[in-house]
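Undergrad: Each chain, written out:
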Amino acid sequence: GNSVTQMEGPVTLSEEAFLTINCTYTATGYPSLFWYVQYPGEGLQLLLKATKADDKGSNKGFEATYRKETTSFHLEKGSVQVSDSAVYFCATEAGGSYIPTFGRGTSLIVHP
Amino acid sequence: NAGVTQTPKFQVLKTGQSMTLQCAQDMNHNSMYWYRQDPGMGLRLIYYSASEGTTDKGEVPNGYNVSRLNKREFSLRLESAAPSQTSVYFCASSEIPGQGGYTFGSGTRLTVV
Chain A
1 GNSVTQMEGP VTLSEEAFLT INCTYTATGY PSLFWYVQYP GEGLQLLLKA
51 TKADDKGSNK GFEATYRKET TSFHLEKGSV QVSDSAVYFC ATEAGGSYIP
101 TFGRGTSLIV HP
Chain B
113 NAGVTQTPKF QVLKTGQSMT LQCAQDMNHN SMYWYRQDPG MGLRLIYYSA
163 SEGTTDKGEV PNGYNVSRLN KREFSLRLES AAPSQTSVYF CASSEIPGQG
213 GYTFGSGTRL TVV
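Going down the list, the protein sequences come from chains A and B.
For the first sequence, position 99 (counting from the first letter as 1) is numbered 99 according to the numbering used here, and the numbering increases by one without interruption.
For the second sequence, position 36 (counting from the first letter as 1) is numbered 148 according to the numbering used here, and the numbering increases by one without interruption.
Since the hints were made in silico from the structure, they are not lab data.
None of these values were measured; they are calculated from a predicted model.
Built from N, CA and C at the ideal position, the CB exists for glycine as well.
A couple of the hints might just be wrong.
To be verified - Cβ-Cβ distance ranges computed for the label pairs, FRET-style: (1) Ser58/A to Ser179/B: 36 to 42 Å; (2) Ser179/B to Gln45/A: 38 to 44 Å; (3) Thr223/B to Thr26/A: 20 to 26 Å; (4) Gly61/A to Lys169/B: 47 to 53 Å.
As the list claims (entries may be wrong) - Calculated cross-link-like contacts (lysine to any residue; reagent style SDA-like; alpha-carbon spacing at most 25 Å): (5) Lys52/A to Asn142/B; (6) Lys169/B to Lys56/A; (7) Lys121/B to Glu76/A; (8) Lys121/B to Ser187/B; (9) Lys169/B to Val200/B; (10) Lys121/B to Ala17/A; (11) Lys121/B to Ser107/A; (12) Lys56/A to Glu191/B; (13) Lys169/B to Thr5/A; (14) Lys183/B to Lys126/B; (15) Lys121/B to Lys68/A; (16) Lys121/B to Leu46/A; (17) Lys169/B to Thr101/A; (18) Lys169/B to Ala27/A; (19) Lys68/A to Ile208/B; (20) Lys56/A to Glu207/B; (21) Lys52/A to Glu207/B; (22) Lys60/A to Asn2/A; (23) Lys60/A to Glu16/A; (24) Lys169/B to Thr28/A; (25) Lys183/B to Ala94/A; (26) Lys126/B to Thr215/B; (27) Lys121/B to Ala27/A; (28) Lys126/B to Lys77/A; (29) Lys52/A to Ile208/B; (30) Lys56/A to Gly41/A; (31) Lys77/A to Thr215/B; (32) Lys169/B to Thr26/A.
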């Protein structure tokens, strides 16, 4: 079956530091890849997505590139802010499948 | 505001009590889902409904039942609550699985004592 592996957290950074959260996946076919963000006390929100190899998803300064050769979709941001503190989930959805696969989430803590 | 609405937001039950968690979406999405989120376990799929009139089990269906009442509404029922069902429950919907991503509700925090 499909699986998603994320780096364990928490990731603790100072404001304006560079962020990378690693995500690798296993899936059959050509899945779409997603990053979701969950702020405290809220549900998950779609942050960005990529639907085919070499696509780059981006939103709010975050980026991730669909790397089929390394089966990876790492999340990056050049300069994090305190307001980026949240839990980030990597996910894969295989076309035609109604069951997505989520990673376990990576907590990000940004200090002023 | 368009989105997924869950009620209630908080609930405390005694062991053995029953309750129904409500979920409604106004985006005309075909598929709807119920997840539970527990510390260290990530998100686990309880049940899903690929389209109106169909429901299927997910990873952890035991102790739960669902009803897809119409295209908008998908409810989750606990017939006899147990402490192991203490969790945060999220409803989600998707227009086209595999392509567009999911829209989540804000969650129901359930405690069973």
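Undergrad: Evaluate each hint against the coordinates.
TA: For each hint, the structure was consulted:
1. Between Ser58/A and Ser179/B the beta carbon distance is about 39 Å. The supplied range of 36 to 42 Å therefore holds.
2. Between Ser179/B and Gln45/A the beta carbon distance is about 27 Å. The supplied range of 38 to 44 Å is therefore violated.
3. Take Thr223/B and Thr26/A: their Cβ atoms lie about 36 Å apart, and the range 20 to 26 Å is violated.
4. Remark: the range hint 47 to 53 Å for Gly61/A to Lys169/B is contradicted by a beta-carbon distance near 39 Å.
5. At roughly 23 Å between alpha-carbon atoms, Lys52/A and Asn142/B fall within 25 Å of each other, so this suggested pair holds.
6. For a cut-off of 25 Å, the pair hint linking Lys169/B to Lys56/A is broken: about 33 Å separates their Cα positions.
7. Distance hint between Lys121/B and Glu76/A is unfulfilled; the C-alpha atoms sit about 33 Å from each other, more than 25 Å.
8. At roughly 14 Å between alpha-carbon atoms, Lys121/B and Ser187/B fall within 25 Å of each other, so this suggested pair holds.
9. Of the pairs offered as hints, the one joining Lys169/B and Val200/B holds, with about 19 Å between alpha carbons and a cut-off of 25 Å not exceeded.
10. Between the alpha carbons of Lys121/B and Ala17/A the distance comes to roughly 35 Å, so the proposed pair goes past 25 Å and is violated.
11. The suggested pairing of Lys121/B with Ser107/A holds, with an alpha-carbon distance near 23 Å, which does not exceed 25 Å.
12. About 45 Å separates the Cα atoms of Lys56/A and Glu191/B, which puts this hinted pair outside 25 Å; it is violated.
13. For the suggested pair Lys169/B and Thr5/A, the alpha carbons sit about 23 Å apart, so the restraint of at most 25 Å is met.
14. A threshold of 25 Å between alpha carbons decides the hint, and for Lys183/B with Lys126/B the separation of about 32 Å lies outside it, so the pair is violated.
15. For a cut-off of 25 Å, the pair hint linking Lys121/B to Lys68/A is broken: about 40 Å separates their Cα positions.
16. Our distance criterion of 25 Å between C-alpha atoms is met by Lys121/B and Leu46/A, whose separation comes to about 21 Å.
17. With a C-alpha separation of about 15 Å, the suggested pairing of Lys169/B with Thr101/A holds against the 25 Å cut-off.
18. Distance check on the hinted pair: Lys169/B and Ala27/A sit about 21 Å apart at the alpha-carbon level, within 25 Å; holds.
19. Between Lys68/A and Ile208/B the CA atoms are separated by roughly 22 Å; this keeps the pair inside 25 Å, and the hint holds.
20. With a C-alpha separation of about 22 Å, the suggested pair Lys56/A and Glu207/B falls inside the 25 Å cut-off, and the hint holds.
21. Distance hint between Lys52/A and Glu207/B is fulfilled; the C-alpha atoms sit about 19 Å from each other, no more than 25 Å.
22. Of the supplied pair hints, the one linking Lys60/A and Asn2/A is violated, its CA atoms being roughly 28 Å apart against a limit of 25 Å.
23. About 14 Å separates the Cα atoms of Lys60/A and Glu16/A, which keeps this hinted pair within 25 Å; it holds.
24. The hinted pair formed by Lys169/B and Thr28/A meets the criterion: a straight-line CA distance of about 21 Å does not exceed 25 Å.
25. Distance check on the hinted pair: Lys183/B and Ala94/A sit about 23 Å apart at the alpha-carbon level, within 25 Å; holds.
26. Under the criterion of a C-alpha separation no larger than 25 Å, the hint pairing Lys126/B with Thr215/B is inconsistent with the structure, at around 31 Å.
27. Between the alpha carbons of Lys121/B and Ala27/A the distance comes to roughly 35 Å, so the proposed pair goes past 25 Å and is violated.
28. Restraint check for Lys126/B and Lys77/A: not satisfied, since their Cα atoms lie roughly 45 Å apart, outside the 25 Å limit.
29. Only pairs whose Cα atoms come within 25 Å are accepted, and Lys52/A paired with Ile208/B is accepted, the gap being roughly 16 Å.
30. Distance restraint check for Lys56/A and Gly41/A: the Cα-Cα separation of roughly 29 Å exceeds the 25 Å cut-off, and the hinted pair is therefore not satisfied.
31. The hinted pair formed by Lys77/A and Thr215/B meets the criterion: a straight-line CA distance of about 23 Å does not exceed 25 Å.
32. Simply put, Lys169/B and Thr26/A have alpha-carbon atoms about 22 Å apart, close enough for the 25 Å limit, and the pair holds.
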